[in-house]
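A.B. asks: Top line first, the protein sequences correspond to chains X and L.
Take any residue in the first sequence, count from 1 to its spot, add 298: that is its number in our numbering.
Take any residue in the second sequence, count from 1 to its spot, add 298: that is its number in our numbering.
Keep in mind that a hint or two might mislead.
Where chains are identical, the list cannot tell them apart; a pair therefore holds if satisfied intra-copy or between any two copies.
As a list, the in silico DSS-like pairs of lysine-lysine whose alpha-carbon atoms are at most 30 angstroms apart [claimed, not checked]:
id	residue 1	residue 2
1	Lys410	Lys688
2	Lys732	Lys619
3	Lys619	Lys695
4	Lys368	Lys500
5	Lys509	Lys410
6	Lys474	Lys757
7	Lys688	Lys500
8	Lys546	Lys619
To be clear, the hints were calculated from the coordinates, so they are not data collected in a lab.
2 protein chains.
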Amino acid sequence: MTDEASFSAHRRTVVKGVAASAVLLSSGVAWSNSRETDREALRQAVDAGFEDSVRRIQDWIRLPTVAAEKLNVDQGADHMIRLAGEAGFQNLRKVPTGGIPAVFGTLDAGAKRTVGIYFMYDVKQFNPSEWTSPPLEAQIFDHPLGRAIRGRGAVNQKGPEGAFLAALHAFRKSGKRLPVNLVLLAEGEEEIGSPNFINVFKDAQVLAAMKRADGVIIPSAAQSQTGAVTINLGAKGIIECELVASGKRWGRGPAQDVHSSLKAQVDSPVWHLVNALTTLVRDEGNTPAIDGWFEHVRPLTARERQLIAESARNRNEDEVKQQLGVSRWIDDLPWGASLERLASQPTVNIEGLVAGYTGPGGKTILPGRGVAKLDLRLVPNMTVADALPKLRAHLAKRGFGDIEVNMTGGYDPTETAEDSSVIKAQQAVFERSKIPYTLFPRIAGSWPGFVFTGDPLRKPAGQFGLGYGSGAHAPDEFFIIESKNSKVAGLREAAMAFVDFLYEMATQR
Amino acid sequence: MTDEASFSAHRRTVVKGVAASAVLLSSGVAWSNSRETDREALRQAVDAGFEDSVRRIQDWIRLPTVAAEKLNVDQGADHMIRLAGEAGFQNLRKVPTGGIPAVFGTLDAGAKRTVGIYFMYDVKQFNPSEWTSPPLEAQIFDHPLGRAIRGRGAVNQKGPEGAFLAALHAFRKSGKRLPVNLVLLAEGEEEIGSPNFINVFKDAQVLAAMKRADGVIIPSAAQSQTGAVTINLGAKGIIECELVASGKRWGRGPAQDVHSSLKAQVDSPVWHLVNALTTLVRDEGNTPAIDGWFEHVRPLTARERQLIAESARNRNEDEVKQQLGVSRWIDDLPWGASLERLASQPTVNIEGLVAGYTGPGGKTILPGRGVAKLDLRLVPNMTVADALPKLRAHLAKRGFGDIEVNMTGGYDPTETAEDSSVIKAQQAVFERSKIPYTLFPRIAGSWPGFVFTGDPLRKPAGQFGLGYGSGAHAPDEFFIIESKNSKVAGLREAAMAFVDFLYEMATQR
Numbered sequence: 299m300t301d302e303a304s305f306s307a308h309r310r311t312v313v314k315g316v317a318a319s320a321v322l323l324s325s326g327v328a329w330s331n332s333r334e335t336d337r338e339a340l341r342q343a344v345d346a347g348f349e350d351s352v353r354r355i356q357d358w359i360r361l362p363t364v365a366a367e368k369l370n371v372d373q374g375a376d377h378m379i380r381l382a383g384e385a386g387f388q389n390l391r392k393v394p395t396g397g398i399p400a401v402f403g404t405l406d407a408g409a410k411r412t413v414g415i416y417f418m419y420d421v422k423q424f425n426p427s428e429w430t431s432p433p434l435e436a437q438i439f440d441h442p443l444g445r446a447i448r449g450r451g452a453v454n455q456k457g458p459e460g461a462f463l464a465a466l467h468a469f470r471k472s473g474k475r476l477p478v479n480l481v482l483l484a485e486g487e488e489e490i491g492s493p494n495f496i497n498v499f500k501d502a503q504v505l506a507a508m509k510r511a512d513g514v515i516i517p518s519a520a521q522s523q524t525g526a527v528t529i530n531l532g533a534k535g536i537i538e539c540e541l542v543a544s545g546k547r548w549g550r551g552p553a554q555d556v557h558s559s560l561k562a563q564v565d566s567p568v569w570h571l572v573n574a575l576t577t578l579v580r581d582e583g584n585t586p587a588i589d590g591w592f593e594h595v596r597p598l599t600a601r602e603r604q605l606i607a608e609s610a611r612n613r614n615e616d617e618v619k620q621q622l623g624v625s626r627w628i629d630d631l632p633w634g635a636s637l638e639r640l641a642s643q644p645t646v647n648i649e650g651l652v653a654g655y656t657g658p659g660g661k662t663i664l665p666g667r668g669v670a671k672l673d674l675r676l677v678p679n680m681t682v683a684d685a686l687p688k689l690r691a692h693l694a695k696r697g698f699g700d701i702e703v704n705m706t707g708g709y710d711p712t713e714t715a716e717d718s719s720v721i722k723a724q725q726a727v728f729e730r731s732k733i734p735y736t737l738f739p740r741i742a743g744s745w746p747g748f749v750f751t752g753d754p755l756r757k758p759a760g761q762f763g764l765g766y767g768s769g770a771h772a773p774d775e776f777f778i779i780e781s782k783n784s785k786v787a788g789l790r791e792a793a794m795a796f797v798d799f800l801y802e803m804a805t806q807r
Numbered sequence: 299m300t301d302e303a304s305f306s307a308h309r310r311t312v313v314k315g316v317a318a319s320a321v322l323l324s325s326g327v328a329w330s331n332s333r334e335t336d337r338e339a340l341r342q343a344v345d346a347g348f349e350d351s352v353r354r355i356q357d358w359i360r361l362p363t364v365a366a367e368k369l370n371v372d373q374g375a376d377h378m379i380r381l382a383g384e385a386g387f388q389n390l391r392k393v394p395t396g397g398i399p400a401v402f403g404t405l406d407a408g409a410k411r412t413v414g415i416y417f418m419y420d421v422k423q424f425n426p427s428e429w430t431s432p433p434l435e436a437q438i439f440d441h442p443l444g445r446a447i448r449g450r451g452a453v454n455q456k457g458p459e460g461a462f463l464a465a466l467h468a469f470r471k472s473g474k475r476l477p478v479n480l481v482l483l484a485e486g487e488e489e490i491g492s493p494n495f496i497n498v499f500k501d502a503q504v505l506a507a508m509k510r511a512d513g514v515i516i517p518s519a520a521q522s523q524t525g526a527v528t529i530n531l532g533a534k535g536i537i538e539c540e541l542v543a544s545g546k547r548w549g550r551g552p553a554q555d556v557h558s559s560l561k562a563q564v565d566s567p568v569w570h571l572v573n574a575l576t577t578l579v580r581d582e583g584n585t586p587a588i589d590g591w592f593e594h595v596r597p598l599t600a601r602e603r604q605l606i607a608e609s610a611r612n613r614n615e616d617e618v619k620q621q622l623g624v625s626r627w628i629d630d631l632p633w634g635a636s637l638e639r640l641a642s643q644p645t646v647n648i649e650g651l652v653a654g655y656t657g658p659g660g661k662t663i664l665p666g667r668g669v670a671k672l673d674l675r676l677v678p679n680m681t682v683a684d685a686l687p688k689l690r691a692h693l694a695k696r697g698f699g700d701i702e703v704n705m706t707g708g709y710d711p712t713e714t715a716e717d718s719s720v721i722k723a724q725q726a727v728f729e730r731s732k733i734p735y736t737l738f739p740r741i742a743g744s745w746p747g748f749v750f751t752g753d754p755l756r757k758p759a760g761q762f763g764l765g766y767g768s769g770a771h772a773p774d775e776f777f778i779i780e781s782k783n784s785k786v787a788g789l790r791e792a793a794m795a796f797v798d799f800l801y802e803m804a805t806q807r
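My request is simple: use the sequences and hints to build the entire structure.
C.D. replies: Dropping the structure here:
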C-alpha cells in the first residue's frame, strides 16, 4: 500500500547465515484436535497448490493497473473479479466510485462471524530502465533471503494478496469449510491516495455486507528480515497536494517562461512559491506552522507512550539509522523521543519541487510557474476536511491566496482499538506461531483504513500477514516465496498464517 | 547568444500588412563614388550568392554542436574552420581552451585597420517533439514576416553569422578588396556560459592578432519586427550556478530518498535548501540580500538615465507587456522606472527547482537531495571573482555552508564606450540606411563581451547586425531570409549591412 510497504522498503539489511526450515508451517499448538486435522489438510493443500499460487501472482504482476496513468483499468478490475471468483467469492461485480471502479464480492460460509477483506489491485508507476529484470516479467530469482519474485506489485500488494488467495484455494481444494464468511472490497486507486474509494458505501448492498463484518484486514507481508512483526494500532492520515504558483493566476510575473534577465523588472512566481513554502513551517521545516494546525492534535496517551518505549527497546537504533542513511534524528533527539515524535507529530514534507528548467546545467529563464509537491501527515484527531481549508486560509491570509492547492489524494488518520477482534486475532496467531511482535500506536505512514474505521462503518481494521518483501514504489520490488530463514514466512507459511487468522477471527470477540 | 537573442524571442507580435521591397539594399547615401561602385558590385555578388548562403546556413544547422551534451565537438570545430576558410580566412586552427576548442583565423587585407569577429559555433539543446518541423531539418517556411529558416541555431547564431559569411563571399566573388583586416575567434561553449573561452588569450599568436583589432563584433539579427534597432553599450554579467543541498553533505536528513512519513523524525535537505534560498533575497525575491552584494554596484550615470528615458519614450510599454505576458512591473513601477531597474539592478533569479519526485501526481518520499538552479546578473562594477565568494560566505554564515554552490557558467559585465569605433560605425550604418535606432546603457541579459572588453584586451565590443528572427533557446527558432517588410532586413540586406559596417570601421577612429 501507499506507505507501510514502502516504509519497509528501507529495511534492506541482508540477513546472513539463515537456515532453511519450515517451523512456521507446523506451528499450531494447543488447538482442538479437529482443527488440527483440518489445518493439516489445509497445509497439504497449500503445499500442493504452491506452483499455482506462484503463477497466479506472476500473471497478476504481468497485468499492471496504474491509476495515475489510467493503465489497464477495465482489465485490472476484470482480472480481480476472475481471481476472486476462482478463490470462491460470489456476487462479484464492479462498484462505481466516481473513479476507477472497486470490486465487490462475498463468500458465505454459513459461519457466525464475517471478516472484511480489503484488496488493492493497482500498483505504483515504474521505470523499467531502473530494474534488474523487467518489472512486468515477474522473474523468479535467488535473493539472499530465499527464492523471490521480482516485479512491480510483488510485495505491494499482489504477493501478500496472492498468499491470501492461496489460503482460500486451500480451503476449496481440501473441502474444508471456511470458519468465517468473507466480504471482499478491492480498489484500483490505492496508489493515488484512494480519492474515491469511500464512495463504495453509497452502494447499499456493499454497505450492508461490510456492516456484518467484525473487522477488516488488508493482506500484507509484515515481517522484518528477522521475522519480527509490528502490529500498528493505526496510521496517520495524509494530504497529498501540489502548490502551484503561476504568473497567470497571481497577476504578477510572467504568464509563461521569459528570459531570466527580466528578473530585474518582473516578479517571479517561483520566488513567490518559495516564500509561501517558508510560511508553512518553522524549525528548519520540522514543525508545521499553519494557522490552527495543532488545534485537534490529540497527545499520546500513557499506554501509547508505553508501547513506544517498548518498541524503542526492541528495535536497534543503529541498524535503523544505517538503513535510512541517517546519522541524527531531528533536534538530535534520543531514539525513544524520536519514535514518540514519529508516532505523534503532524508533518509538512516537500516530496518534490519542479519549476523552470530541470535538466543538466542551466537555462536562463524566469519560469512562469512553479510547483511544490507536499505531503502533510495528519495525526488523530485531525481530519482532511478540517485541515485542507486551514492550509488554504493560512496561505490566503499571507498574500498567497493565488497559489493553487491541488489535493491529489489523501485521507484521515485511522485508529483501531488494542482490544478489538482483528488485533487480538493477530496476537493470537503470532503467539501460537512464536512470532515475536510488538504493538505500536500507529505507523507514521498512511493507509486508507479510515474507509473502514471512520464513518459510516466504524469497524476495526488493520494490516495482517506474514512474509517479507521490499522495494515498494522503488525498482526491483520483490516478495519472498521460499524463505531460507525459519523465522520468516515464504508464500506457503504466509498462506497458512491467513488460515490461522481466519480461525482466530471465528473465535475472537 | 545566451541572452540577447533569447530575449528577443519574446517579441512575437506579428506585423500586419507589410509590403515587400528592398529599400535596405540600395540604402548607401553620401558615400564616395568608388565605394558606391564597389558596393553595387558587392550587392550583385550577395544577390548571386543568395542560394548558396541559404544552403550554407541550412547545412550548418544540420550539424549542431551542443556543449552541454558534448555533441559534435570535433565536427563542429572542423566545420567552423571549413566555413571560415571558404570565406577567405587563413591561418585557421583550433585553439585549446581547456574545454571545447575555439577556432582562430585571420584575413589580412593589407588594410590599415583590423576588426575582430566573434562567432559561436555551438547551439542550445533542443527537444524535437516540441517543434513544428524537425529542429535539424532547417526547413524553409513562410512566416508572416517573410520566408524563413526554421531550425536550432537559425537566429542564435548561425543565421546572422551566415549573413556575415555571405558578405565575405561577396568580397571574394566580386574581387573587391576588404576595407579592413579581420581576426576571427569562434567558440563552441557559448551556450554553457563560455567557461573556458578567455583562455584563448594564453595563445600568444591569438592575443597578438586580437590586440591589433580596433574593436570586436558578434554578428546578430538585432532588428525588432518594426525594423528598429537598440544599440546596447554593454551587458550585465552573470553567475549561473546550482545550489545543491544533500543529506549526505549536510550530515542531517537522509543520504538518499526515504519514505516521507519519516519527516516527523528526520530533517529534510529540501527544506534546508528552501530556507537557504529565502536568505538570498528580500522584497518577495526582487532584491538580492546577499551580504555585501551591492558593494561595487555603480549607480547609473546621468547619460545612462537619459538614454533609458529616450528608450522608454521610443518603446511601446503595452506591447512589451503583452509580449511578455506581464501585467505589472516590480513594485508597480512606471515604465521608465522599470527600465532603469532593468538596466541597473543585480538579480537573483531561480531558473529551476528540482527535488524529489517531479512527475505527475505525488510520491511519498522525503528527498535526500534538492537543487536550485540560479542565475545572478551582475552589473558594473561587480565581478564574478568578487561575487561568488560573497555568495558562499553568506550561506556559510547562516548555517548553510554544507550547500554546494556549483557555478556552471558565467562572466563579468561588459561595457563599451558610446564614442568607440564599433558603436560609432554602427550608428553610421543605421543613419545612412535610415534604420531607426536607440542607444541603451546595457542589456539586462549577458554575453561574453568581457572576454574582449576586459583584461587582457580591453577593446570595444558589441553586437551588430540587421535582420530578424526569434525562438532562441525555444522551439521553432527561425531567421528571416527574405523579408516582406521593407524596413526589416532579410539575408541579402543583412549581408550588405556587414559590408557597410566594415567600410565604416575602415574610416572610424
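A.B. asks: Now, for every hint given, state plainly whether the structure supports it.
C.D. replies: Right, here's what the structure says about each hint:
1. Lys410 with Lys688: neither (45 angstroms within a copy, 76 angstroms between copies)
2. Lys732 with Lys619: within (27 angstroms within a copy, 73 angstroms between copies)
3. Lys619 with Lys695: So Lys619 and Lys695 pass the 30 angstroms test across copies only (29 angstroms; inside, 39 angstroms).
4. Lys368 with Lys500: Within one copy only: 23 angstroms inside, 59 angstroms across.
5. Lys509 with Lys410: within (14 angstroms within a copy, 99 angstroms between copies)
6. Lys474 with Lys757: within (28 angstroms within a copy, 95 angstroms between copies)
7. Lys688 with Lys500: within (28 angstroms within a copy, 62 angstroms between copies)
8. Lys546 with Lys619: between (44 angstroms within a copy, 13 angstroms between copies)
Violated hint for the displayed structure: number 1, the only one.
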